[in-house]
Structure formats: C-alpha cells, structure tokens
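**Student:** Each chain, written out:
There are 2 protein chains.
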Amino acid sequence: MNVPRANTFVLPSCCRNGKDNSGGRVCGIDVWLARKFLQAIGKPSLRVILWDGKEISGAGSAAPVAMLIRDRSALWRLLKNPLLHFGDDYSAGRIEIEGELVDFLETVYRSMARTRKFQKVSDPAAYRRNQPNLNSLPEARRNIHHHYDIGNEFYQLWLDREMLYTCAYFPDPDCSLEDAQIAKMELVCRKLRLQAGQSVVEAGCGWGALARHMAGHYGVKVRAYNISHQQIAYARQRAKTEGLQGQVEYIEDDYRNISGKFDAFVSVGMLEHVGPDNYRELGSVIDRCLTGQGVGLIHTIGQNIARPMSPWFLRRMFPGSYPPTLREMMALFEPLDLTVLDVENLRLHYAKTCRHWLERFENNRERIREMFDESFVRAWRLYLSGCIANFDIGSLQLYQVVFSRSSNNLVPWTRSHLTVPRAVS
Amino acid sequence: MNVPRANTFVLPSCCRNGKDNSGGRVCGIDVWLARKFLQAIGKPSLRVILWDGKEISGAGSAAPVAMLIRDRSALWRLLKNPLLHFGDDYSAGRIEIEGELVDFLETVYRSMARTRKFQKVSDPAAYRRNQPNLNSLPEARRNIHHHYDIGNEFYQLWLDREMLYTCAYFPDPDCSLEDAQIAKMELVCRKLRLQAGQSVVEAGCGWGALARHMAGHYGVKVRAYNISHQQIAYARQRAKTEGLQGQVEYIEDDYRNISGKFDAFVSVGMLEHVGPDNYRELGSVIDRCLTGQGVGLIHTIGQNIARPMSPWFLRRMFPGSYPPTLREMMALFEPLDLTVLDVENLRLHYAKTCRHWLERFENNRERIREMFDESFVRAWRLYLSGCIANFDIGSLQLYQVVFSRSSNNLVPWTRSHLTVPRAVS
Chain A
1 MNVPRANTFV LPSCCRNGKD NSGGRVCGID VWLARKFLQA IGKPSLRVIL WDGKEISGAG
61 SAAPVAMLIR DRSALWRLLK NPLLHFGDDY SAGRIEIEGE LVDFLETVYR SMARTRKFQK
121 VSDPAAYRRN QPNLNSLPEA RRNIHHHYDI GNEFYQLWLD REMLYTCAYF PDPDCSLEDA
181 QIAKMELVCR KLRLQAGQSV VEAGCGWGAL ARHMAGHYGV KVRAYNISHQ QIAYARQRAK
241 TEGLQGQVEY IEDDYRNISG KFDAFVSVGM LEHVGPDNYR ELGSVIDRCL TGQGVGLIHT
301 IGQNIARPMS PWFLRRMFPG SYPPTLREMM ALFEPLDLTV LDVENLRLHY AKTCRHWLER
361 FENNRERIRE MFDESFVRAW RLYLSGCIAN FDIGSLQLYQ VVFSRSSNNL VPWTRSHLTV
421 PRAVS
Chain B
426 MNVPRANTFV LPSCCRNGKD NSGGRVCGID VWLARKFLQA IGKPSLRVIL WDGKEISGAG
486 SAAPVAMLIR DRSALWRLLK NPLLHFGDDY SAGRIEIEGE LVDFLETVYR SMARTRKFQK
546 VSDPAAYRRN QPNLNSLPEA RRNIHHHYDI GNEFYQLWLD REMLYTCAYF PDPDCSLEDA
606 QIAKMELVCR KLRLQAGQSV VEAGCGWGAL ARHMAGHYGV KVRAYNISHQ QIAYARQRAK
666 TEGLQGQVEY IEDDYRNISG KFDAFVSVGM LEHVGPDNYR ELGSVIDRCL TGQGVGLIHT
726 IGQNIARPMS PWFLRRMFPG SYPPTLREMM ALFEPLDLTV LDVENLRLHY AKTCRHWLER
786 FENNRERIRE MFDESFVRAW RLYLSGCIAN FDIGSLQLYQ VVFSRSSNNL VPWTRSHLTV
846 PRAVS
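Protein chains in written order, with my numbering: chain A, 1 to 425; chain B, 426 to 850.
Calculated directly from the structure, the hints in this document are not laboratory data. Among these hints, one or two may not hold up.
Reference excerpt, derived from the structure (chain B facing chain A, CB under 8 Å, subset only) [what the hints assert, rightly or not]:
id	residue
1	Pro596
2	Ile730
3	Met742
C-beta: ideal position from N, C-alpha, C; glycine also.
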C-alpha cells in the first residue's frame, strides 16, 4: 500500500510558528479583549488563561474547562473570526484546552447557540455560504481527494477492521465498534430487503465494506462507485482477497455517471459531499437506475436547521460538504414522486462511533505524528472531538431514509424484518 | 344520542333530479364528446356507455370497468370539470359504474397522472388552491362541523368499536379492524414511550379513544382537544362509563388554545385539517407545551408531491383539508430546532383500513339511506372508494413522525421498544 508522508493538511503561514511566539506581557487591553471574546460567545462556563497565567472567567470561576491562549495574535484572531481561527490556532498549539476537549466544545457550542450572532436560524442558502469549492465533477474529485486520499494506512489505525468511515449502529450501547459497523451494514441490507440474485448500485462506497457485505452475505451483485483513487484500490484488493471479485465491481467514477438498472440503490455517507444544488441531478440518477419494484436507502449526516458548516471545517477538513435538513433532502424525492417509507435518526450512534474513533486515534497518535506532524494530530483530534460534540448536543443528525417508487406496493408491511441482533458477525 | 336526520351533504340543484332527467337520443356530437372526455383523461382502459346503450372505449374494448352516463348534461359537465362533476353526478345517480368502483377509480387516476393536464407536478402553493375555506378559528370550526358533526350513530355503523376514524396498524394484514386500531394506539404509545404518571396533550382527539387508551393502559394524565361538539360529548360519556374521567379531560377547543406543559404531545389525524399556513403556529404551540425531555408524535395523511385535493373532495367532504408533503411538514419542526427521530409510512395500512370501513358501510347502507338519503350513501361510497384508490396507487401517504427537542439525549437508542404484537387487546 502506498502511504504518502506529505501532510495534506496545510496551516496558514501566520500560524506556523506555534509556541515559539511569545505573547509578551499581558496588559489591560488583553484582558479586555478576552472578556469581549467571552461575551461574544455568550459567556460560557469557561476560564480563559492568558500567556502569563492571568485568568478571566465566563460564567463561574470554577468552570471545569479552560482555554489557554499562548500569545496576543491568537487572542486577536479569536475575536476576528473564532469559527475559523480557533481551529487553526488550536492545531498550531497556540491554543490549549484544560479539561476534556469535547466538554469544552459542547460548553462553547451551547453558549454560542444562545447568542444572537451565532443563534440557530434557518438560512435557505446556508449550503452556498462559506463554501470554498462547489461540487462540479472536477471540484468534487479535488474535494474528495483532500480528505480521503491521505493514506489508507492512516485510516486503518483508527477505523474498524472493515474500514467503515460512517456512523455505526449499536444494537446495544456497549457493543464493540467492529460489531456495530457490521450491525450497521446488516441494518442497511435489511432495510433494502436484499435477496440473492438481485443487483445493487452503491453511490460513494468508501473502502468498499458494504458492497462486500451485501455480496458475501446476501448473494447480490454490486456495482460500487467512488471517486477516491486510494479507496477504490483498497476495495478492489480486499474483494480479490475475499474471492468476491466476480460479484462486486468497484468503479472509480462519479455518481453522476452511474448507468444500468438495479433492484436497490444505496448511498452511505456520500450525500454530505453532494450539495443541495446537485440533489435534483442525484434524484434523476436514482430515477434512471431504480427498477419499478426497487428500494433505495440514503444514509447521511443532516441537521435540524439549514446552516453553513464552520469555515475551519470546510477549509481544513471537508471542502464542499454540507449536511442537509430533511426538508432539503426532499428535493431528491418530491420532484420524482418517490415515496419516503422510513426515516431513522441515529444521531447518538454517531456520537458513540466518533468516541470510538477518537479513542483509537489517541492510542495511535505517536504513529500518526510520525506519518504527518503534530499540527495534523491536533487538527484531527479537534475534528473528531467537534463531531462528538455536535452529535451530542443535537447540532448534527444522522438520517437513514428508505424510499421506493410511489407505485410500489411490494414494500414491507411492517418493520418486523428490521430487528438486528446484538452480534451478527 | 342525538342523531340528526338532516342531510348535511347538499348536492347542487343541477344534480338533484337524478335519474328522472332523460338524456334524449344519442347523437354524433355525444359520441364525439365521450371520446374527447376519454382523451382528456389519458384514454384509460375503460368503456363509456351512454344513456341509450351506445358504448365508446378508451384503451381496449374488453375493459372490465365501465361508466354509464345517464344523460347529456352529465356528459357535458364531465368535460367541463371532471374533478368536481364526476363526484356530484355519481352521487346523484346520473353516473353509474359497472365493475368495482375502486378498480374504476384506480384505472382513471393512473391514466390521468400520465396526461399533461393532470400530471403530478409539485405546486408550491398547492394547499391554497381550490380551498373554499381556510382554517382561521371560526372557519376551522365550520369545516370540522361539516364532516364530523353529522351524527355519532352514523359513524358507529362502520367504524370499529373504539370509534377511531384514522389509519389503523395491522401487525399482520389479516388481523381484524378492531385489533388493528388497538395495535395503532399501542404503536403510538410505544413511539411516545409513555410512562405512568406522565402528562400528555392530544391535539384533535376524535371520539377520544386514544386518550382513553393512554390513560387506561399507561396510567398517564391526558388533556385532549377537539372542536367537534358531538365527538367531545361522546368522548366524555365513554370516559365516564369507563371510570377514566379523573385521568382524561376532553376540552372542546382549538389546538391553538392549548396551555400547560406536557411530557408528550400527540396528534393523530388533525394535521390534514390545519393547512400549511398554520404549521408555524402549530409548531409554536408544540414548542410552548412540550417539556425539555418531551416526545411528540404527529400522524397525518400526506402526499409525495404538493398538489391540491380534488374540488369535489374539498367541497363535499373535507373543506379546508390538505395532506402535506414531508417537505411541507418540516415547517413544523425546522424553525424550532425540533429533531425528527422517526418517520414511518403506513400508506398500505390506510388502504386496508378504508377497505374495512367501506365493507362495513356497505353492510349498513340501508340503515344509512334511512338516516340520510341515497345521494348521501353514494357520495360516501365514492369518498371511501376514492381513499382506497389513492392509498393503493400511492397518491396519498400516511406519515407517523416522532420528534423531540434537539437537546434531548434520552431518546430511545434503537427501535426495539416498538414491536407491537399481533393482538394486544
């Protein structure tokens, strides 16, 4: 396997020097600025500690979480655009967190949601704001390459053994990540009511685990699309090792180029990268490729209220991404008279999945630091912690939506076919 | 019980004479008009038989369903506005159907959906079209009175013994209507995860069965709102008979006047009468009355594509009604950051429920004719058959939507609490 050592996570030059920059002596204006910052984010129960040890409190001086700001420029940047610069300065080590990073983020997110500036108000054009890249064909390739093509070996250090980088399903909260990812694949297969001999198309297949599970456990033929070169290479290799190459075809191409007719359409964790401007086109792809009695499933991160993602997340982690509201998702179905059969919200399962990932990530941080560098480790820690916090407090959702054509009367009568046992491997 | 003999279903004067009007001799222009009519509705597999026996075929002369038009004026009216006049002239006996009425309607609906004029195109203002009445407070009262206050004895002839006039839930397709309605109430209670001692508010309680079930089987306190005077009177009487008057309070008032805080909000079969213009207000009522850890459920007829109901249905059956799309329903949740936890589509269960109702209705048609008149019997037969047809072909859906506040992390982990056994009574 080809593991690139280059760090594709690039910090802006102003943040590169890290802790070498001394903040100088704290003066009255620094304290005033720190108070302004706390005020701007709704006075959370949080202590700000400046570079010389001076402490400023939001609500309650005994707050269990604190934010250490290591120099004056970081403090200034926080006031200017906290949603971008907190992430960059945390990554560069100019900001440190005392206490649990997830607790800190939840405290701040909850507090910001109560302020006028950051309050949760639906914005009909949310998905077009702060988007450095849209998702035309070449841009979609660039966006996907940015996150997914940084080395399979990196992801192997903290994902489950089947390499699923999407929300798991925990039949009970204590089950392992390995079991929960298999249970998720089972749940998806049962929602699709797969039967041997059927054909399935998968839009956005990651490292190909679901396609192999469907082929291996349900005897279906799968065509799985993905534009990440490294993921496709890995998926093909594993299908070969497992003797599934006759049943699973991995295609390095965009979902817009899907052709053929299939008994099932499935997409797990791709819609976040599609963008609402392209939902009608994705809907047309579904309409073109689904048989009359076919069933479809889309599994995606979503949100209650249409709001843009934070600029840090969009610039450093997932360019071009947007988690839709259920209302926005309906643009996939309504114009084509597709019937929504079932929506399940697995938000708390995604918080738990991310907790497993973060734990494994931390257990391997020395190795990851060697592969990339310290700022990469810190950025990914922040990203995974931010996901946990957002799913915990309900700022992000996870929707599984099952659909069919409106004329399909062979849909399941009840949900009795869906029960997934605790361990299904 | 007070049973009004007056028929509140009033046909326009042009239709009152029924079969007395002879159509005269069929001439060339009548045949041409019948062909035009068939063409306008997409040439379905259907025979039109004119008043002298002359037959004109749509697609296929051996079509199993035929439409007998008894006079020339009915033929003219069909061409002018089939969506209104078919219903009125069928009710008046100027149009008869050979073969099964449901089959006839499904044939025609499917054919119309293929034509340009009647094709399914989403209309953002659908719910404002063809609406003779909107749903301000006094109009809502008039609209509800029109359908629900025509005598409890009438509804007792064809509803189940608990008097539920909403979609039942058939754990298996063969279970009885009585069992299926109890299973529906169980499903709703389980989705709400009711626990003894909790408080519940019900918006639009019909004859009060769900409120009594929740109080009697789950030990919760219920405040149930309805603006139908006859339904409230019946509900109070039954609660008294069953010794539940201390636990269930039936309030003759509009949902907009709900006050207090409740652990659960439930509304089964009311949203169809609310109208999307009032969803934000209903959302505010929910936001006002739901506790922090509260759970809500809305059960409503819906549709895939935003389209107005037929003018006949709106004028003669349900003034002011509109079945929303899921997109439109989100106006209840998105502005208030409410989280949708679960959506289940019970479309085929409603087709089956309506089949049970129609069968019971037909078994009691002599009695109903005595209570009202023949045109009432025919109009209600058409209405119930039309419902079966629309749920069968997927023009109508039945959504159960479960929701909570976004910050509620005590929501169920999986759906394992939902399994409803075959017979739960």
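**Student:** Failing hints, ascending?
**Tutor:** 3
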